[in-house]
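Q: Sequence:
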Amino acid sequence: MEAESKQVDVERKRSVFRDSTRYAVLVLCTICMTLVMSNTLALNFTIICMGSENENVTTVYDYSQTEKGWLFSAVAIGSLIGTIPITELFTLYGARKVQTAYGLISALATLLSPWAASQGFYWLFAMRAIQGFALTMTYSACGAVTSQWATLKRSGIFMALMSCHLQFSPMFTMPVAGAFCVSSLGWTGVYYLQGILTIVFFALLYYFYRDTPRMHKSVSAKELGKLEHGKSGIGQKPKRTPYMTISKDLCIIGAWLSWVGGASAFQIFLQYGPTYLNKVLHYEVAKTGFATAIPYLLSFIMKVLAGPFSDYATCISERSRLVVFTIVSQGTMALCFVILALIPTDQAFIGWCAYTAAITFSGLNCVGIFKCAQMVSRQYLTFVMAVFSVINSMSVLILPPFVSIMVPTNSPSEWAMVFYIICGLVIVTNVFFCFVCRSDPAPWTYDTPKSVANAENTGEAAKMPENF
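Just so we're aligned: 305 in the numbering used here is position 305 of the sequence shown, and the numbers increase by one with no gaps anywhere.
Don't take each hint at face value.
[Unchecked claim] In silico DSSO-like cross-links for lysine-lysine, where the CA-CA straight-line distance does not exceed 27 Å:
#, residue 1, residue 2
1, Lys68, Lys222
2, Lys97, Lys217
3, Lys153, Lys222
4, Lys153, Lys217
[Said to hold, decoys possible] Pair by pair, the computed Cβ-Cβ distance ranges are:
#, residue 1, residue 2, range
5, Tyr93, Ile350, 37 to 43 Å
6, Ser183, Leu204, 25 to 31 Å
7, Tyr93, Met244, 19 to 25 Å
8, Asp346, Asp440, 35 to 41 Å
9, Tyr192, Ser317, 47 to 53 Å
10, Ile327, Pro401, 28 to 34 Å
11, Leu342, Tyr61, 48 to 54 Å
12, Ile301, Asn410, 38 to 44 Å
No lab work stands behind these hints, which were simulated from the structure alone. The model shown is predicted, which means the values in this text are computed figures rather than measured ones. Yeah, the Cβ is synthetic: ideal placement off N, Cα and C, and Gly gets one too.
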């Protein structure tokens with residue numbers, strides 16, 4: 001990471017953030033990740049208003065079901081390609097440079113998307129793949145920023161809030177896209193707006209963010225002490241990631257497997273939520289935007305409440321909290337899928353409530369499997385999150401052809417079968433995690449065997465009282 005990897009001390013100046021610079025970092029990074037995610041979601045909504053309203057008229061924007069499936073899958077293809085170098089890039093160049101580069105790539109692809117769409121399917125497919133390539137950064141950035149800028153005892157809150165970009169992006173994009181679709185500006189406006197905002201905020205990120213608190217002049221000595229307490233490798237050059245050792249850890253494998261079901265369930269709503277509400281439950285286009293956004297707002301509120309509870313509820317063990325949050329999150333989603341499969345289409349409000357509840361409780365994943373991964377992998381969370389990104393990309397890649405085959409006419413009975421299958425997948429993939437979940441750091445996170453013994457004897461960070 002060039003100069004930043006040297007971990008040299010810098011002159012500490014008085015800051016408007018006092019002892020809370022980490023909050024400013026949290027807010028800025030979350031906004032940036034939200035915009036990168038939003039850029040990939042714009043088409044999910046504008047696809048329903050890009051074509052001609054006259055069925056007898058065909059335009060370049062009238063895509064077949066197969067083409068729509070490939071446009072959705074393009075993000076996953078790009079994301080899979082982007083995942084290959086992401087961990088090494090973060091290690092070599094640091095989160096600041098990599099986040100900025102990926103963010104600007106996303107902005108460029110978004111600004112060019114309206115032009116690409118006018119040129120034909122393949123041009124738009126390319127822009128979607130580039131957006132997906134940039135999206136890879138969000139998972140790894142979440143891991144890198146949390147490991148450096150969160151205290152160990154309050155990592156649950158930090159992780160929960162950073163992962164809110166998954167909720168903020170549809171909350172922002174869906175209603176904005178809906179408004180543009182019915183306005184005189186047209187659907188292209190959402191791409192230009194989001195592209196410009198992405199450039200602005202990533203420029204601000206490059207100016208303000210630093211890869212470690214020690215390199216940030218606004219971090220006070222008091223705050224630095226909190227952020228570095230109990231962490232290994234402080235002041236040392238980043239070590240090579242033990243990929244094979246991490247990949248053999250049963251707890252990490254369980255977390256990855258759990259995310260197979262969680263990602264599939266989340267993506268079915270994220271990718272096809274607007275289509276389901278519009279085509280099956282018959283919500284109008286303008287109302288669809290807000291009906292799609294409200295569940296993500298509630299999911300955000302759920303995360304804000306769950307994060308502190310996850311860190312402060314010492315009445316039960318840390319491991320038990322991780323398992324409980326995972327069961328509540330995934331179990332509620334599975335139940336909601338069954339409800340969606342059973343209700344008749346004339347009960348649209350009940351369907352929307354089940355849809356809303358599933359997305360709302362999906363937010364508890366951040367204090368379930370994601371927090372478990374953070375507590376076990378510590379400084380190697382970037383790689384673990386990169387694999388989460390691969391799993392998410394695979395679900396995005398597989399779902400479109402799966403939905404195209406299962407739902408050729410968007411009939412309620414076709415969607416019911418999809419919901420039953422996803423429900424079964426969620427249940428099966430989470431059983432193993434509940435048995436192998438743990439909350440203590442893995443032996444491979446320590447620098448030496450001696451430090452492992454010291455951690456076991458002293459309880460490390462757990463004995464230091466600190467505020468988030």
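Q: Are Ile301 and Asn410 spaced within 38 to 44 Å by their CB atoms?
A: Violated - the Cβ-Cβ distance for Ile301 and Asn410, about 31 Å, lies outside 38 to 44 Å.
Q: Is the gap between the beta carbons of Ser183 and Leu204 within 25 to 31 Å?
A: holds (28 Å)
Q: Holds or violated: Lys97 with Lys217, Cα cutoff 27 Å?
A: holds (18 Å)
Q: A range of 47 to 53 Å was offered for this pair. Does it hold for the Cβ distance of Tyr192 and Ser317?
A: Between Tyr192 and Ser317, where Cβ atoms are some 50 Å apart, the hint holds.
Q: Using the Cβ atoms, figure out if Asp346 sits within 35 to 41 Å of Asp440.
A: violated (52 Å)
Q: Are the Cα positions of Lys68 and Lys222 separated by 27 Å at most?
A: Status violated; Cα separation ~53 Å.
Q: Verify the CB-CB distance for Ile327 and Pro401 against the hinted window 28 to 34 Å.
A: holds (31 Å)
Q: Go ahead and decide if the range 19 to 25 Å is satisfied by the Cβ distance of Tyr93 to Met244.
A: holds (24 Å)
Q: Please check whether Leu342 and Tyr61 have a Cβ separation lying inside 48 to 54 Å.
A: violated (35 Å)
Q: Given the hint of 37 to 43 Å, is the C-beta distance from Tyr93 to Ile350 inside that range or not?
A: Violated, since Tyr93 and Ile350 (Cβ atoms, about 50 Å apart) do not stay within the stated range.
Q: Given the hinted pair Lys153 and Lys222, is their Cα-Cα distance within 27 Å?
A: Satisfied, since the Cα-Cα distance of roughly 16 Å is no more than 27 Å.
Q: Between Lys153 and Lys217, is the straight-line Cα distance small enough, at 27 Å or below?
A: holds (24 Å)
The structure shown violates the earlier hints numbered 1, 5, 8, 11 and 12.
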